[in-house]
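Chemist: Residue numbers (numbering that gives the first Met the number 0), protein chains in the order written: chain R, 0 to 252; chain Y, 0 to 214; chain U, 0 to 641.
These are calculated hints, taken from the structure and not from any lab test. Backbone N, C-alpha and C define an ideal beta-carbon position, used for all residues, glycine too. Fair warning: there could be bad hints in the mix.
As the list claims (entries may be wrong) - In silico DSBU-like pairs for lysine-lysine, Cα to Cα no more than 30 Å straight-line: (1) Lys301(U) with Lys96(R); (2) Lys507(U) with Lys47(R); (3) Lys301(U) with Lys50(R); (4) Lys53(R) with Lys551(U); (5) Lys382(U) with Lys96(R); (6) Lys10(R) with Lys382(U); (7) Lys499(U) with Lys10(R); (8) Lys246(R) with Lys12(Y); (9) Lys96(R) with Lys10(R).
To be verified - To spell it out: a stretch of chain Y is covered by chain R in this simulated footprint if at least three of its residues, at any positions, have a beta carbon under 8 Å from a beta carbon of chain R; those stretches are: (10) 11 to 19; (11) 102 to 109.
Unchecked claim - Covered stretches of chain U (in silico footprint by chain R; criterion: 3 or more residues with CB under 8 Å from a CB of chain R, positions within the stretch not fixed): (12) 37 to 48; (13) 73 to 83; (14) 124 to 132; (15) 137 to 143; (16) 493 to 502.
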Amino acid sequence: MDMSSINLTLKIWRQANSDALGGLETYNLDGIHTDMSFLEMLDVLNEKLTKEGKDPVAFDHDCREGICGMCGAVVNGVAHGPEKETTLCQLHMRHFKSGDTLVIEPFRSRAFPVRKDLLVDRSALDRIIQAGGYVSVNTGGAPDANGLPIASQQAELAMDAAACIGCGACVASCPNGAAMLFTSAKISQLALLPQGQVERKQRALAMVAQMDVEGFGNCTNARECEAVCPKGISIRNIARLNREYLKAVLSEG
Amino acid sequence: MWFVRFLTSSIGKKLVMASSGLLLFLFLCTHAAGNATIFMSSKVFQSYADELHSHPLIVLVFSLSLLAIFLVHIGVGLYLFNENRAVSTSRYAVSTRVVKNSLASQTMPYTGLFILLFLVVHIFGFTFSPKTVPISVTVKELLGNFFYALFYILAFAALFLHLSHGFWSMLQTFGVNHPRYNEFIARLTLVFPLFFFAIFAGIAFYFMTGLGANY
Amino acid sequence: MELNSRVPSGPLDKKWSNHRFANKLVNPANRRKYSVIVVGTGLAGASASATLAEQGYQVKTFCIQDSPRRAHSIAAQGGINAAKNYQNDGDSIHRLFYDTIKGGDFRAREANVYRLAEISNQIIDQCVAQGVPFAREYGGTLANRSFGGAQVSRTFYARGQTGQQLLLGAYGALSRQIRSGRVQMFARREMMDVVVVDGRARGITVRNIMTGEIESHAADAVILATGGYGNVYFLSTNAMASNVTAAWRAHKRGAGFANPSFVQIHPTCIPVHGDYQSKLTLMSESLRNDGRVWVPKNKDDKRRPADIPESDRDYYLENKYPSFGNLVPRDVASRNAKEQCDQGKGVGTTGLAVYLDFADAIKRDGRETIWKKYGNLFQMYEKITASDPMAEPMMIYPAVHYTMGGLWVDYDLMTTIPGLFAIGECNFSDHGANRLGASALMQGLADGYFIIATSVAHYLGTSKFEKVSEHEGSFIDSRRWVEDRIARILRNSVGGTAGKCTVDEIHKELGRLMWDNCGMARNRQGLEAALAELPRIRETFWNRVYLPGSNKEINQSLERAGRVADFLEFADVMIRDALAREESCGCHLREESQTEENEAKRDDANYSHVSVWEHRGEGEEPLMHKEPLVFEFVTPTQRSYK
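Input sequences plus hints: build the corresponding full structure.
Modeler: This is the structure we're talking about:
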């Protein structure tokens, strides 16, 4: 056999719909090329299942270059799999060995209901942003862009936080299913920039309130979110969110 | 009401834990300082205790505040433990912790509960000990018992573990996280728990082994 | 089909302001009485939804992904152009206009392109006001870089994630309007049809991806912001869900499709490594600044690159184009790479790759300098290929990247169906036959933030609307048509898998056919052969495709099948367009139209027009119309890179 191909045992969470009971099903997949991405491996499995007349595994994915944030699953207990700062679509099969068993489960959280197989509903994250994750400016009439100087270091820090792709791995990996890293990334980005100052306090209050309404868990500083974040977003942002929230709650509204 | 909103929010609860944790930490500092006098001599220790109890009003206020802080820390802690357990139990067929050395953070509620058990034993043993026996004698008698002392040492080990996540976690919750200071904070998070362990477990060890039999 | 471009008269730099003044408005108090549908939430769709809602219209926005934040604009790496001239290096609106129209090989409308250049500056202002974290100089001003061979530094960027940051800005603005209730957001909906009532677009039919339900949505105007059709080739740098369906259905309802054969092929992508490959990844073009492109001189040379001596290497770009060398434009670089591989000199396991070698640059500038410049790109490459470009040459190959063609629109971005607008990549308007680097983001946002609201106001202000009901007439017909079609797609799946094939197999077959015959170099023979081959693939699809599952649930195979069915129809008009354009221009070499030195030869005398295709019914050949391109303000010139 070709040195660059491996055989795997896959245990994949199958669930017909939100109301159905799910369970792990086992599939044997041989001859997986190690240059494949993880999602291409699932494509191969799905082609095989289709040809056998079986229902393929539903999973979310779109850009397949690690930026849209649509893909994601928990592989052997780790969101987005074993490689650091890598989305599932950018994880390649060369990181696995022939004979490995991979348990593939959906991103789970009370706020992420499973819709089918590995496909979950993450619209709760959208609603957190809708609560205030923006600067309220209408189109038109913005002053000249260079009229607002921003220290390059500050812009870089804001960019560190803004790199979030909203995949939800932080929630999936958090022992409590908290969405603090996600929420803090947006709050940090705007708190660090002068454009975000006007609504700073209101934003922190509204986004945290929405986060709590959605049923995300409490942060216990377990740091798992930071460890699996494909964009390397630091929990320093969570510390900043805690400060922002405390300041806001003591002085606003 | 802002205060209710604050207390019921996820970050609010966390801040309550951190704030009460900070106060308990400060209490530990004073308690450790006072108890360390044991290593000087029973006389010094007894005079420290006598001095302390010569101000009953202060002791009363202090004890009641301490009780309140403990109750808050324990109550909110248990509430969070319960809430989080509802979210986290058997979410995945395979669960893997990516963070290395996460034992302390994973066991926070359990070490906390063990410390609570210790507190009950400790308060019955010392706070409510017969007023006729000097405290310097009580300590020797109680901790002179091997199993009693062993239980104490185990409790202080739990305290060590609890603080080795709790101290850093408290600062993180207060928003203290900066690359320039993080290493320093990480060291403090080891040094403080070690310090408490050395003093408190040291005392238990001191009497357990008979080293302090004639202190 | 009448093609009235409605380009305003007057001097070039006054056209847009004159036009805005001439356009009708809708009184702010009346705007809430009008509803507008926006399909797609990329840069164009999200910014249009937000802007229209801010102005007071009732907006219904649809996207195919689970969240509006994931549209494929997010993947744009390089940057966004603007004629700010912050660097004081001689840039101006006129220069950006000229560069864009020249870059498009003089196949775009002057007035549209000028407006784009004019608006470019407002876009940057708007995005900064939203908190988009653009790169900054130490003094706090915005940083720029030069991009795609431009002679000025006019590209604004946010690390390698400019598209993401701009999209998140627009998504934020959209989210704010969703919160306010002025935008109703429908995620996980795929548009299946445009509903035309009395000759005007009055709504859409969508499929709810989660439930399979076919839904109707009525409005007073419909805006399509549904992106490009690069996935007709199966492999492209597009996202997996990018498709032509919305545009194609609009076309079948009467919207002209312009220049469908104009496709940009990007020269520096990571090569295909196997049949299972689902997607191609772009590597920044900046790599060609220091990398040397070469192939072995001898066919089927299977030695490792390090073992091939200088004398056996062919630095074909440097040899053929001494003055530009490795920095020839995208189309020339792409074409030559394919040519070398077609001659059997390609490298790698598939033979479909050329080397991009940094060894000389490392020798010249040192490892550190090269790593500083390209380190992040090298890491990205290594993540995917497990090969270190610092140690051995990178392998690259061209890939389909952007489609300049799209729905024909007038100056107001309205298609030939009144009330149906097309913005962003899904229209054809601004990039001619080739798009400049860092201009796609600019166009999406110009259309969405600054142009479409004026057009919509004018349209609504000049028309009378009767109320239409989603429960009658054309809406029912459209739903029925969609349901029938889905039923027909699913028909073959009864009775097991024997003798059947999968959607992906057919899509791959179509992709290969298009890539081989309607890719970067085309000729009559190949195009005609492909045209003859298409019906067979289409027949295979309709008779043999097997789809598991039903219509009433999440069924990703069915989603793909619907898209492939439309690609199969669309490919026909694409090939016809390529056949009809017997000139080489922009991205494509028409092999019959070459200079004596085998370079692309444009034919302004015969092809200075937009080809606009009209659908004349099932089974009928489409009809081509021409919108002549008149150049009042610039003189078309021929490119030369020798």
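Chemist: Go through the numbered hints given earlier and state which of them the structure violates, listing their numbers in rising order.
Modeler: 3, 12
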